[in-house]
Amino acid sequence: MWGRLTDLVRRRRLDRDLEVELAYHFEELVSQYESGGLAPGDARRAARRDMGGLTQAREAYRDQHGVPALETLWQDVRYALRALRRSPAFAAVAIVTLALGIGANTAIFTVAYPLFLRPLPYHEAQEIVALSTYMPQTRARFPSLPVRAIDFDAFRRSNRVFAAMSAITPADFNLTGVSEPERLYGARVSANLFTLLGVQPAEGRSFLAEEDVQGRDPRGDHQPRAVDEAIRLRSVRPEPPVVVERAELRRCGNHASGIPLSNRHAAPRDGSAGPARRRLEADGLHAQRADVGRQLELGCPSTGRTRRRHPGR
Amino acid sequence: MSKEVLQGTLDLMVLRTLESMGPQHGFGLAKRILQVSEGVLDLNQGTLYPALLRLEQRRWIKSRWGVSDNNRKAKFYELTARGRRTIAEETESWELTVSIMGKFLARRTGEQ
Chain A
1 MWGRLTDLVR RRRLDRDLEV ELAYHFEELV SQYESGGLAP GDARRAARRD
51 MGGLTQAREA YRDQHGVPAL ETLWQDVRYA LRALRRSPAF AAVAIVTLAL
101 GIGANTAIFT VAYPLFLRPL PYHEAQEIVA LSTYMPQTRA RFPSLPVRAI
151 DFDAFRRSNR VFAAMSAITP ADFNLTGVSE PERLYGARVS ANLFTLLGVQ
201 PAEGRSFLAE EDVQGRDPRG DHQPRAVDEA IRLRSVRPEP PVVVERAELR
251 RCGNHASGIP LSNRHAAPRD GSAGPARRRL EADGLHAQRA DVGRQLELGC
301 PSTGRTRRRH PGR
Chain B
1001 MSKEVLQGTL DLMVLRTLES MGPQHGFGLA KRILQVSEGV LDLNQGTLYP
1051 ALLRLEQRRW IKSRWGVSDN NRKAKFYELT ARGRRTIAEE TESWELTVSI
1101 MGKFLARRTG EQ
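Going down the list, the protein sequences come from chains A and B. Okay, so the first sequence: first residue is 1 according to the numbering used here, each after it adds one. Okay, so the second sequence: first residue is 1001 according to the numbering used here, each after it adds one.
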């Protein structure tokens, strides 16, 4: 291949050389016929007849010394450039059209890829779905509502559809006690979320099941350890334990969780479900979910409410 | 016998001819191959010169311009060290092929 490529560079010389060689070949043939007793004119004719397909010989030779596809391509490129130079207006329009097209495509793809196409970085990501609820009466205005913790518990208890269910809700935290206080955007999640997603904390531990219960503080140090650990997981800071301002946390803690369980690296800011792709998959589970919803209505675990929720469809 | 010369066999023929004759030009090679094959292999220029170029690209032979016996400018081809090694290898593989084919064809003759 290398030999062929270098020949590509010196092909003019090669073509000239071939002509000399063929001429020599011809003369030799002539002298051979002459010494065989032919008259000079007849000898040349005979030699010419023998050398028959000269053009063919040149073609074969050129095929051997070039990289044929590359040469044809180069010819095409040069032809295209000549044609473009002849009609600059057309060239300009074509180039601008191409530029706009490529630019628009790149822009859209840049947005669409992380949102719709890139697989979630979790184990068996295609199995993960996001669930949310709505109320028929308000569906037009609120197509997707968060789920209260008590309802989530009911869902989880009566779950026969999913391998596991986890709750997640976006939450903000104030990080103090470090050199520079910071506002952290994170999520409050149920303890099994990491197991569900099949991820391991890079450092420290993930949540304990006991920590799922509100007000329970298994370590007895009155620190919301789970949050603490979670921050340590995601924090690039080397500082060991961080203290989370308790007032802020209490405020969050009085809310229960929403159900959407999968999201990208951060929690969904609006508490709604994840991308449509996964919601679509969840539609297949419609019947079972309706069942969960019915159970919920009948049992009505959310006591003291006159207005019922209708999770599922 | 078919006049179509298989590429591999032509390569080996050219290399062998160069080995026995020393540096040689294209015309001389064609003439010699015609002689050795007792008039069967009359190489067309469209076969011979591309083959020589191919061998040169593989660094099995090299070429230089010289003057022929009758004082004409001609391109002379000669074997390289690599070409000599190739002859040894190719001869071996060719002999193997021949002996295997021989066995098959002999059996067929025996059956008849």
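Be a bit skeptical, because a hint or two may be false.
[Unchecked claim] Quick list of in silico lysine to any residue cross-link-like pairs, SDA-like style, CA-CA up to 20 Å:
1. B:K1031 <-> A:R13
2. B:K1062 <-> A:E19
3. B:K1031 <-> B:D1069
4. B:K1075 <-> B:E1056
5. B:K1073 <-> A:Q32
6. B:K1075 <-> A:P114
7. B:K1062 <-> B:I1033
8. B:K1031 <-> A:R11
9. B:K1073 <-> B:V1040
10. B:K1073 <-> A:L14
11. B:K1073 <-> A:R12
12. B:K1062 <-> A:V20
13. B:K1062 <-> A:R10
14. B:K1062 <-> B:E1095
15. B:K1031 <-> A:L54
16. B:K1075 <-> B:V1040
17. B:K1031 <-> A:L14
18. B:K1075 <-> A:A60
19. B:K1062 <-> A:F207
20. B:K1073 <-> A:A23
21. B:K1031 <-> B:M1013
22. B:K1073 <-> A:A47
23. B:K1031 <-> B:V1067
24. B:K1073 <-> B:G1028
25. B:K1073 <-> A:V30
26. B:K1031 <-> A:S35
27. B:K1073 <-> A:E27
28. B:K1073 <-> A:R13
29. B:K1073 <-> A:A60
[Said to hold, decoys possible] Some but not every residue of chain B turned toward chain A, in silico, with C-beta under 7 Å:
30. Y1049
31. L1053
32. R1072
33. G1102
Hint data in this document are derived by calculation from the structure and do not stem from the laboratory. Built from N, CA and C at the ideal position, the CB exists for glycine as well.
Evaluation of the provided hints:
no. : hint                : verdict
1   : B:K1031 <-> A:R13   : violated (26 Å)
2   : B:K1062 <-> A:E19   : holds (18 Å)
3   : B:K1031 <-> B:D1069 : holds (15 Å)
4   : B:K1075 <-> B:E1056 : holds (12 Å)
5   : B:K1073 <-> A:Q32   : holds (17 Å)
6   : B:K1075 <-> A:P114  : violated (64 Å)
7   : B:K1062 <-> B:I1033 : holds (19 Å)
8   : B:K1031 <-> A:R11   : violated (27 Å)
9   : B:K1073 <-> B:V1040 : violated (29 Å)
10  : B:K1073 <-> A:L14   : holds (16 Å)
11  : B:K1073 <-> A:R12   : holds (19 Å)
12  : B:K1062 <-> A:V20   : holds (17 Å)
13  : B:K1062 <-> A:R10   : holds (16 Å)
14  : B:K1062 <-> B:E1095 : violated (26 Å)
15  : B:K1031 <-> A:L54   : holds (18 Å)
16  : B:K1075 <-> B:V1040 : violated (25 Å)
17  : B:K1031 <-> A:L14   : violated (23 Å)
18  : B:K1075 <-> A:A60   : holds (18 Å)
19  : B:K1062 <-> A:F207  : violated (75 Å)
20  : B:K1073 <-> A:A23   : holds (10 Å)
21  : B:K1031 <-> B:M1013 : holds (12 Å)
22  : B:K1073 <-> A:A47   : holds (19 Å)
23  : B:K1031 <-> B:V1067 : holds (18 Å)
24  : B:K1073 <-> B:G1028 : holds (13 Å)
25  : B:K1073 <-> A:V30   : holds (16 Å)
26  : B:K1031 <-> A:S35   : holds (15 Å)
27  : B:K1073 <-> A:E27   : holds (11 Å)
28  : B:K1073 <-> A:R13   : holds (16 Å)
29  : B:K1073 <-> A:A60   : violated (23 Å)
30  : Y1049               : holds (5 Å)
31  : L1053               : holds (5 Å)
32  : R1072               : holds (6 Å)
33  : G1102               : violated (33 Å)
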